[in-house]
Amino acid sequence: MDQDLKAELSKHGIFTTTFEEIYNWGRKNSVWPLTFGLACCAIEMIATTMARYDLARFGAEVFRASPRQADLIIVSGTVTKKMAPQVVRLYNQMPEPKYVIAMGACAISGGPFRDGYNVLRGIDRYIPVDVHIPGCPPRPEALIDAFMTLQKKISQQQLTGEGRPRHLHADLPSEFPVPEHAGHGLEPAENAEVWNPLRVIQG
Amino acid sequence: MSSGTMNAETIKAEIEAAVPGCHVELVLNGSSSAQHSLVIDNEHALQVARYLRDDSALRLDFCSNVTGVDWLDAEVSETVKTKKLVDGVEQEVSEVRKTRTPGRLEAVYHLFSMEKKHGPVILRLRTADRAGGTTVPSLTPVWRSAEFQEREAFDLYGIVFAGHPDLRRLLMWEGFVDHPMRKDYLPPEENEDGDGRDQR
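So the protein sequences, as listed, match chains P and L.
Here the first sequence is numbered in the working numbering, starting from 1 and rising by one per residue.
Here the second sequence is numbered in the working numbering, starting from 1 and rising by one per residue.
Treat the hints as calculated values from the structure; they're not laboratory data.
Treat the hints with care, since some could be wrong.
In silico SDA-like pairs for lysine to any residue, Cα to Cα no more than 20 Å straight-line [to be verified]: (1) L/Lys-183 x P/Tyr-117; (2) L/Lys-183 x P/Lys-152; (3) P/Lys-152 x P/Ala-142; (4) P/Lys-82 x L/Trp-173; (5) P/Lys-82 x L/Arg-169; (6) P/Lys-152 x P/Ala-56; (7) P/Lys-82 x L/Pro-188.
Taking CB as the label site, the calculated pair distances span [what the hints assert, rightly or not]: (8) P/Pro-188 x L/Ala-18: 40 to 46 Å; (9) P/Pro-134 x L/Pro-165: 43 to 49 Å; (10) L/Arg-168 x P/Glu-20: 50 to 56 Å; (11) P/Pro-188 x L/Val-108: 51 to 57 Å; (12) P/Pro-134 x L/Ala-18: 58 to 64 Å.
Positions of the beta carbon are idealized from the N, C-alpha and C atoms, including for glycine.
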């Protein structure tokens, strides 16, 4: 629809919209996160939901204690190799459309424990992450910013055509392989279909 | 006694008097904490533990901490000056003497008394080596609080506690091989980043 016409109509008290717009508007303002915390970042996540920072302003106050009712998993903290399969399993149990925020240095890369024997070097090795937040731990403002980034991403999703999101693609997976514990680490070490690290190409 | 460490030498003498045949070695801690510890031989460890807990003066009823220590094979070389006859003339010759200490594992216990408000008394149990003979007696039958911490030491250091009621890995998963807190443990190479960080 022509944007000028839309603006002109709104001056006369006529509100026009598209199905896509109102569908995305509804989705982005009712993202329910999973009650799920891993380490100290979870404390900041909890603080974000409390009165001072009040994540409820963005429609995300309903933390659901079941993955079946959640739209968003905030991976808040260090993912150990022992815990990683359970994180992937929780993500798999969430219904589409679903989103992931990797919160903090550990969740995005392993952080200060990266070279340890039992820390996963970023949850994006196994599940697709929508927003990464650096910080140790990130402040509540950073989590709110990540949340608003996610909202922007949702509102820009096109429901038809080639660029439509994963949950509207019948042939794209909504579940990802759960890694298994092997002798020293996880098997496989990453899911190549999900993990796209930035690489420095020298030449 | 309330000033922290109890007199380790007195306790050593008391143990040796109470448990005949027991060999106790005093390990001095030269730091300002002066927390000296007692190495108990494995054969009498359980008897010693029961004595420390039940003796009316000591009453060490609380085991607050159990941990492991990994000692690698060590070679200490010291230069010693000796007088020798060289061609009929006495000369001072310096020799380098090397002492080899074979590697071993240690389980360390910190004991306090809730009743008498004193402690800590620090016990060490030593394994024979780091490979085959890594068994020490479990003190869980004496102090129940040692149960999980002995499991942790078993998991991370590979110290086998004979007589432990439920000796399984605690932190690492079932099927994990090796013991990650050993000094010679290297995690498997994960060099998929291509940034050269992990080339060991």
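Hint by hint, here is what the structure shows:
Restraint check for L/Lys-183 and P/Tyr-117: the C-alpha separation of about 12 Å stays at or below 20 Å, so the hint holds. For a cut-off of 20 Å, the pair hint linking L/Lys-183 to P/Lys-152 is broken: about 49 Å separates their Cα positions. At roughly 15 Å between alpha-carbon atoms, P/Lys-152 and P/Ala-142 fall within 20 Å of each other, so this suggested pair holds. For the proposed pair P/Lys-82 and L/Trp-173, the alpha carbon gap of about 7 Å is at most 20 Å, so the pair holds.
The straight-line distance between the Cα atoms of P/Lys-82 and L/Arg-169 is roughly 12 Å, inside the 20 Å bound, and the hint therefore holds. Pair hint P/Lys-152 plus P/Ala-56 holds up; C-alpha atoms about 17 Å apart against a cutoff of 20 Å. Straight-line distance between C-alpha atoms of P/Lys-82 and L/Pro-188 comes to about 16 Å, which keeps the hinted pair within the 20 Å bound. A hinted range of 40 to 46 Å is violated for the C-beta pair P/Pro-188 and L/Ala-18, which are about 58 Å apart.
At about 45 Å, the beta-carbon gap between P/Pro-134 and L/Pro-165 stays in the expected band of 43 to 49 Å. The hinted window of 50 to 56 Å between L/Arg-168 and P/Glu-20 holds, with their beta carbons roughly 55 Å apart. With their beta carbons about 39 Å apart, P/Pro-188 and L/Val-108 fall outside the hinted range of 51 to 57 Å. Checked against the given bound of 58 to 64 Å, the beta carbons of P/Pro-134 and L/Ala-18, roughly 60 Å apart, stay inside it.
Comparing the model with each numbered hint stated earlier shows that hints 2, 8 and 11 do not hold.
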